[in-house]
Amino acid sequence: MKIAITGGKGGTGKSTISTSLAVELAAGENKVLLVDADVECPDDHIILSTNRKKVQDVCTILPILNQNKCLKCGDCSEICKENAIVFIKDRYPFIVTGQCNGCGACILACSSKALEKGQQEIGAIYQGKSKKSNQISSENLLLIWGEIEIGCEATALVVNATREYAENIASDYDYVLIDTAAGTHCNVISAMIGVDLALAVTEPTPLGKHDLELILQLLQLMEVETQIIVNKSDIGDLNLIDDVSRNKNVPIIQKIPYEREILKKHSRGQPVTHNNIKKLSNAITAKTVGGRH
Amino acid sequence: MKTITILSGKGGAGKSTLTASLSVMLANSNKIVSIDCDADAPNLALVLGLEEEDFDSWESITTGEKVEMDLEKLETLKLRSNSQYLKKCVDACNFSAITWNQEEDIPVLNELLCVGCGACQLACPEIFTLKKVENARIGVGKTQYGFPIVSGQLEIGESGSGKVVNEIRNNAFNIAEKIQADYIIMDSAAGIGCPVIASLTGSDYVILVTEPTSVAFWDLKRAIELVDHFNIPCGAVINRWGINKDLTYQLQDYFRNQQIPLLGMIPYDIRFVEALVNLKPAVVYEPKFKPIFKEIMDNCLSDMNDIPL
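Here the protein sequences line up with chains L and D, keeping their order.
For the first sequence, position 290 (counting from the first letter as 1) is numbered 296 according to this note's numbering, and the numbering increases by one without interruption.
For the second sequence, position 109 (counting from the first letter as 1) is numbered 110 according to this note's numbering, and the numbering increases by one without interruption.
Heads up, some of the hints might be wrong.
Now the stretches of chain D that chain L is said to cover, found in silico as 3 or more residues with beta-carbon under 8 Å [said to hold, decoys possible]:
hint, segment
1, 132 to 140
2, 153 to 159
3, 170 to 177
4, 184 to 196
5, 225 to 232
6, 240 to 250
7, 286 to 292
Below, computed lysine to aspartate or glutamate pairings styled on EDC-like, alpha-carbon distance capped at 20 Å [as the list claims (entries may be wrong)]:
hint, chain 1, residue 1, chain 2, residue 2
8, D, Lys222, L, Asp178
9, L, Lys270, D, Asp270
10, D, Lys132, D, Asp106
FYI, nobody ran anything at the bench for these hints, they're computed from the structure.
Treat the numbers as computed from the prediction; the structure is a model and nothing was measured.
Built from N, CA and C at the ideal position, the CB exists for glycine as well.
Just need the whole structure built from these sequences, with the hints factored in.
Have a look at this one:
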């Protein structure tokens with residue numbers, strides 16, 4: 007079963023809940039693959055204090071010009087939606103590497119085959135097992151995460167590669183948990199392709215409510231079964247989230263209070279343990295949530 | 002006119018809270034424009050007490066295209082050509098938006114993943130057409146604190162948030178020129194990817210917001226690398242410093258070593274959450290917070306003015 011942990015707003019507790027849910031599920035003798043798809047700021051490896059082993063480079067296409075074949079027609083510049091190829095009449099086209107998103111359209115558009123498929127590195131995929139063996143049965147839990155090169159804009163491509171890497175090994179695991187980035191755009195969409203269930207983590211503030219509504223709209227569009235988790239449920243105004251749950255007809259499956267102990271563990275970068283997360287884990291294994299699949 | 006961008010890497014570190022209070026404080030003696038560059042999950046207006054319907058105007062914009070697949074033509078093409086030809090569009094798409102359906106022997110398009118590059122159209126022109134899409138809206142409003150706000154909202158399922166941020170920024174710059182603003186205060190998205198990079202374009206100064214948690218520390222280092230990459234001067238603010246004193250000291254040491262000025266520290270206080278729930282900037286909801294943000298503002302302005310143009 008594949009479960010996405012998302013939420014729209016940043017800092018609502020996606021990584022906290024992903025890691026502790028993974029630990030709970032693994033403690034229950036389930037094989038768990040946790041995928042950190044927040045490739046701009048992947049944090050789960052800090053929380054689980056895992057080792058860090060690079061398993062794959064993530065590259066994308068970079069067009070390389072062979073001047074001997076170039077007819078100086080400008081078709082490549084014409085087709086590029088990113089304005090990454092500058093063409094001045096009677097000169098060779100100039101490729102602005104930083105602007106190129108690696109779509110490869112220019113290579114297809116070049117009739118004289120003067121553009122060749124080169125590669126640019128945009129990130130890497132890592133895997134880690136927890137080093138603190140007293141806390142987590144590391145045999146049952148594997149973390150993989152993507153990390154984008156700093157300054158690179160192709161976030162969705164690194165997420166795609168991370169998701170595809172996870173898909174290839176998913177059959178060895180009972181549960182695949184995907185921790186997404188904040189927001190609602192392409193990198194979050196890519197992370198949630200093919201999941202059976204989404205848990206939308208929010209907080210009871212007008213900001214949490216606003217961004218929850220956005221992510222629920224996206225999940226509806228993607229036709230993904232969704233449940234809401236309210237984190238920090240005892241600060242702010244819970245009615246805000248109750249209203250969204252009622253109006254959108256998406257149930258709140260669990261509430262996690264803002265407790266000193268949780269905050270302390272979170273600040274130290276340790277997985278949080280809480281009875282309500284245990285309950286959530288039990289509900290998932292008992293198939294009382296996401297039972298449609 | 003100078004542009005100050007608030008950045009954090011980690012989400013929920015307090016960007017919008019800081020942006021809102023800093024805007025209110027700056028507006029006391031300056032002309033400012035505030036911008037929300039988090040088109041994915043825009044929150045700044047809410048913190049400043051403005052709901053969507055309170056804006057003066059919303060305008061739809063188009064910054065990109067998406068491809069459409071003609072299913073009828075696909076059927077005819079399927080009969081006329083072999084699957085090898087149709088598979089070319091799957092290979093052409095570098096964004097995993099076109100996959101091959103083995104059972105039906107046809108390509109399947111996932112519009113949500115399409116970035117509108119047009120590579121598939123070059124591979125199989127018979128079945129694909131590019132269509133312009135209205136992928137975002139830009140809102141202009143006036144806050145009750147006397148300064149304008151420009152905010153954006155990406156339409157659900159649309160892509161191109163970096164380009165949308167460029168539009169939001171250009172829109173705000175025009176307003177700033179018109180009113181001859183002294184400062185533009187920009188609230189950026191979480192992360193360090195394309196919308197954040199787009200907000201950094203044209204920034205004169207960056208305020209990095211962090212909190213004493215090991216995850217925020219890790220994200221901060223990545224954010225600093227990004228800011229250094231673009232060579233923009235920056236200062237730092239530690240938010241919720243009371244939740245972990247050891248890490249707060251570590252952060253202070255880190256900033257000292259990196260020669261990044263610490264502009265100020267914001268304590269952990271439940272009143273900040275109450276301010277959010279009441280849709281008020283912290284300095285308005287709780288006047289005792291004013292000195293904290295005044296210190297941040299003063300330090301930011303003096304550090305920024307020390308930088309030779």
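A quick look at each hint next to the structure:
With 0 residues carrying a beta carbon less than 8 Å from a beta carbon of chain L, the segment 132 to 140 of chain D misses the three-residue requirement, and the given coverage is violated. For the segment 153 to 159 of chain D, the stated coverage by chain L holds: 4 residues have a C-beta nearer than 8 Å to a C-beta of that chain, and at least 3 were required. Here's how the segment 170 to 177 of chain D fares: 0 of its residues keep a CB closer than 8 Å to some CB of chain L, so the rule of at least three is not met and the hint is violated. For the segment 184 to 196 of chain D, the stated coverage by chain L holds: 7 residues have a C-beta nearer than 8 Å to a C-beta of that chain, and at least 3 were required.
Three residues within the 8 Å Cβ limit are the bar, and the segment 225 to 232 of chain D against chain L gives 4, so the coverage statement holds. Against chain L, the segment 240 to 250 of chain D contributes 3 residues with a C-beta closer than 8 Å to a partner C-beta. That satisfies the three-residue criterion, and the hint holds. Look at the segment 286 to 292 of chain D against chain L: 0 of its residues bring a Cβ nearer than 8 Å to a Cβ of that chain, fewer than three, so the hint is violated. For the hint pairing Lys222 of chain D with Asp178 of chain L, the CA-to-CA distance comes to about 35 Å; that exceeds 20 Å, so the pair is violated.
A distance of roughly 15 Å separates the Cα atoms of Lys270 of chain L and Asp270 of chain D; the hinted pair therefore holds under the 20 Å criterion. With a CA separation close to 25 Å, the supplied pair Lys132 of chain D and Asp106 of chain D exceeds the 20 Å bound.
Hints 1, 3, 7, 8, 10 from the earlier list are contradicted by this structure; the remaining hints agree with it.
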